[in-house]
Amino acid sequence: MGAINRRQAFLLGGGFVALTVLPMAANAEPSNDAAELIKKFTGGKEAAKGKITLDLPEIAENGNTVPLALTVESPMTAENYVKEVLFVADGNPNAGVATLMFTPMSGKAEASIRIRLAQTQNVIAVAKMSDGSLFTERKTVKVTIGGCGG
Amino acid sequence: MADKPRIKLPKEAKKGEIIQIKTLVSHLMESGQRKDAQGKPIPRKIINKFACEFNGKPVFSCTLEPAISANPYIQFDARIDEEGTFKFAWTDDDGSVVTAEEKIALKA
Amino acid sequence: MSIRYGSLAVLATAALTLSAMAVFGQEAERKGIPAPPGHVFKTIISGYQFRTKETRALQDDDLENPGFLAVERAADMWKTVDGSEGKSCMSCHGEAETTMKGVGAAMPKWSEKLNKPVNLEQQINICRTEHMKAQPWAFKSKELTDMTTFIRFQSRGMPVAVKTDGPMSPWFEKGKEIYYTRVGQLDLACASCHEKNNGKFMRADFLSQGQTNGFPTYRLRDQRLIPLHERFEGCMFDVRGVPYKPLSDEFLALELYVAWRGIGLPVETPSVRN
Chain A
896 MGAINRRQAF
906 LLGGGFVALT
916 VLPMAANAEP
926 SNDAAELIKK
936 FTGGKEAAKG
946 KITLDLPEIA
956 ENGNTVPLAL
966 TVESPMTAEN
976 YVKEVLFVAD
986 GNPNAGVATL
996 MFTPMSGKAE
1006 ASIRIRLAQT
1016 QNVIAVAKMS
1026 DGSLFTERKT
1036 VKVTIGGCGG
Chain B
-4 MADKPRIKLP
6 KEAKKGEIIQ
16 IKTLVSHLME
26 SGQRKDAQGK
36 PIPRKIINKF
46 ACEFNGKPVF
56 SCTLEPAISA
66 NPYIQFDARI
76 DEEGTFKFAW
86 TDDDGSVVTA
96 EEKIALKA
Chain C
8 MSIRYGSLAV
18 LATAALTLSA
28 MAVFGQEAER
38 KGIPAPPGHV
48 FKTIISGYQF
58 RTKETRALQD
68 DDLENPGFLA
78 VERAADMWKT
88 VDGSEGKSCM
98 SCHGEAETTM
108 KGVGAAMPKW
118 SEKLNKPVNL
128 EQQINICRTE
138 HMKAQPWAFK
148 SKELTDMTTF
158 IRFQSRGMPV
168 AVKTDGPMSP
178 WFEKGKEIYY
188 TRVGQLDLAC
198 ASCHEKNNGK
208 FMRADFLSQG
218 QTNGFPTYRL
228 RDQRLIPLHE
238 RFEGCMFDVR
248 GVPYKPLSDE
258 FLALELYVAW
268 RGIGLPVETP
278 SVRN
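Protein chains in written order, with the working numbering: chain A, 896 to 1045; chain B, -4 to 103; chain C, 8 to 281.
Extracted from the complex, chain A is given alone in its bound form (with noise of 0.2 Å):
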């Protein structure tokens, strides 16, 4: 990913380890359009901390492929049950990920995928249950540019 060639990626090598290992880099404001997508995904709501559970390398062997694992706490039936997860990653040119849309006979708020980060970050989920209430959870990964892996 990316639109520089292996040569420049590798000039620039140093100074993007550099970026990314500076602690402030994942809890900087972020860039991109984030912050947009979850309010319209929240309708501006206030989602609460909990339920979720994400499973995330806290460092990427690399950007371009992070497996990514998500648990809701939930019953899954009928009356309650996980209807929309929204992924967004804050650090990416672009903040969309995915959005997962479950249902009852999904039997179980899980799901797998694997994601291309550009830069340490976080990754954002918020959960959308069927009587309207939200949840988030959010994860730092790390993710190195430079030397052999690229």
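Be aware that a few hints might be false.
As a list, the in silico DSS-like pairs of lysine-lysine whose alpha-carbon atoms are at most 30 Å apart [as the list claims (entries may be wrong)]:
{"hint": "1", "chain 1": "B", "residue 1": "K82", "chain 2": "C", "residue 2": "K86"}
{"hint": "2", "chain 1": "B", "residue 1": "K30", "chain 2": "C", "residue 2": "K86"}
{"hint": "3", "chain 1": "A", "residue 1": "K944", "chain 2": "C", "residue 2": "K252"}
{"hint": "4", "chain 1": "A", "residue 1": "K1003", "chain 2": "B", "residue 2": "K6"}
{"hint": "5", "chain 1": "B", "residue 1": "K30", "chain 2": "A", "residue 2": "K978"}
{"hint": "6", "chain 1": "A", "residue 1": "K946", "chain 2": "C", "residue 2": "K60"}
{"hint": "7", "chain 1": "B", "residue 1": "K30", "chain 2": "C", "residue 2": "K147"}
{"hint": "8", "chain 1": "C", "residue 1": "K147", "chain 2": "B", "residue 2": "K17"}
{"hint": "9", "chain 1": "B", "residue 1": "K3", "chain 2": "A", "residue 2": "K1003"}
{"hint": "10", "chain 1": "B", "residue 1": "K17", "chain 2": "A", "residue 2": "K978"}
{"hint": "11", "chain 1": "B", "residue 1": "K30", "chain 2": "A", "residue 2": "K1003"}
Derived by calculation from the structure, the hints in this document are not laboratory data.
In this text the structure is predicted, and so the values were computed from the model without any measurement.
Here the structure of chain A is known, so what remains is to put chains B and C in place on it, guided by the hints.
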């Protein structure tokens, strides 16, 4: 996206059992962020939607963005209350849809 | 290591290494196989052991492993007629699952006819041009990498078993010489990273023994299968050297020598690496 999708689920399940379904399709998932050797942007071309239904009823679906890795892997669960057929559909930006079907029987 | 990338990057790397070690440290025990007498390593360790648990999990499950997309594509191609002789691979070789078992584990192999070793990619193209009268597949083409992966996969779990004596001996020595020759602006040899510093970080990269038992390998970075000579090219490019050409005699010699460094390791194709 001519390759056959890869799908794994059990051949049979007990009534009420929750099974795991794994799917993998071949696709470059061209993000639209890259440039070719001449510096021209390579247009985005991804699978933007996946849907799974069982006996005509939706089980799980998702919309996908360019931040999904090439050769998209999607794993989810399904509760089996009756025997029947799963239908899977992957929709490409170019409008083409790749579909697949898998049957599941009830265990006595 | 005496490599300098500028003080900022060095500091950054040090910081990163410390934080990364917290994760990698738990996985410090890397299992391998005992090396035969006279080998450079005491223990021969697959690249699998140097990767994170997430990456290993991608390899461990045949459905989750994207390398199997290539295996399935080539399984169809195996039966597909191509060229003016009206033959497919199957016309001569039958079921790959039986006839190709062990073939990929023993490559590169001496060819009496050509009076030199050939690797799997070359042998596939020899079959295509001589027996099928079909066009050879280009190196790095999806077709050639898929078929190479499919045939190597038939040896999965079997030990790497290249022959290095007899006529192969000068090729082995040539490969060894290349392995220990420093190249490029960074002045690094294969041995600098993969013999002397495996198990350590070079910048953001966790160095393995550089074993080839998993090739072609699905690289997370490229999100596709990478044939061995492309990886060789990549390494030489990364040290800012001028790479040899894929399928050149130099890379063929290196392929033979590096395969010997991993002698006895089970073939893992299609493996998953960073």
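For this session: Given the hint that B:K30 pairs with C:K86, test it: the Cα-Cα distance must not exceed 30 Å.
Result: Given pair B:K30, C:K86 is violated - Cα atoms ~37 Å apart, limit 30 Å.
Exercise. Taken at face value, is the distance from the CA of C:K252 to the CA of A:K944 at most 30 Å?
Worked result: violated, 55 Å
Exercise. Do the alpha carbons of B:K30 and A:K978 lie within 30 Å of each other, as the hint requires?
Worked result: Since the Cα atoms of B:K30 and A:K978 sit roughly 37 Å apart, the hinted pair is violated (cutoff 30 Å).
Problem set entry | Given pair status - C:K60, A:K946, alpha carbons within 30 Å | Measuring from Cα to Cα gives roughly 25 Å; hence the hint holds.
For this session: Would you check the hint for B:K30 and A:K1003, treating anything up to 30 Å between C-alpha atoms as holding?
Result: Judged against 30 Å, a Cα distance of about 40 Å means the pair is violated.
Exercise. Would the pair B:K82 and C:K86 pass a check requiring their Cα atoms to be no farther apart than 30 Å?
Worked result: Roughly 28 Å between the alpha carbons, so the hint for B:K82 and C:K86 holds.
Exercise. Given the hinted pair B:K17 and A:K978, is their alpha-carbon gap at most 30 Å?
Worked result: holds, 20 Å
For this session: Quickly compare the C-alpha distance for B:K3 and A:K1003 to 30 Å and report which way the hint goes.
Result: OK: B:K3 and A:K1003 at ~17 Å, within 30 Å.
Problem set entry | Pair hint outcome, C:K147 versus B:K17 [Cα-Cα no greater than 30 Å] | Distance of about 29 Å is within 30 Å: holds.
For this session: Measure nothing beyond the straight line between the CA atoms of B:K30 and C:K147; if it is 30 Å or shorter, mark the hint as holding.
Result: Roughly 20 Å between the alpha carbons, so the hint for B:K30 and C:K147 holds.
Exercise. Given the hint that A:K1003 pairs with B:K6, does the C-alpha gap stay at or below 30 Å?
Worked result: Judged against 30 Å, a Cα distance of about 19 Å means the pair holds.
Comparing the model with each numbered hint stated earlier shows that hints 2, 3, 5, 11 do not hold.
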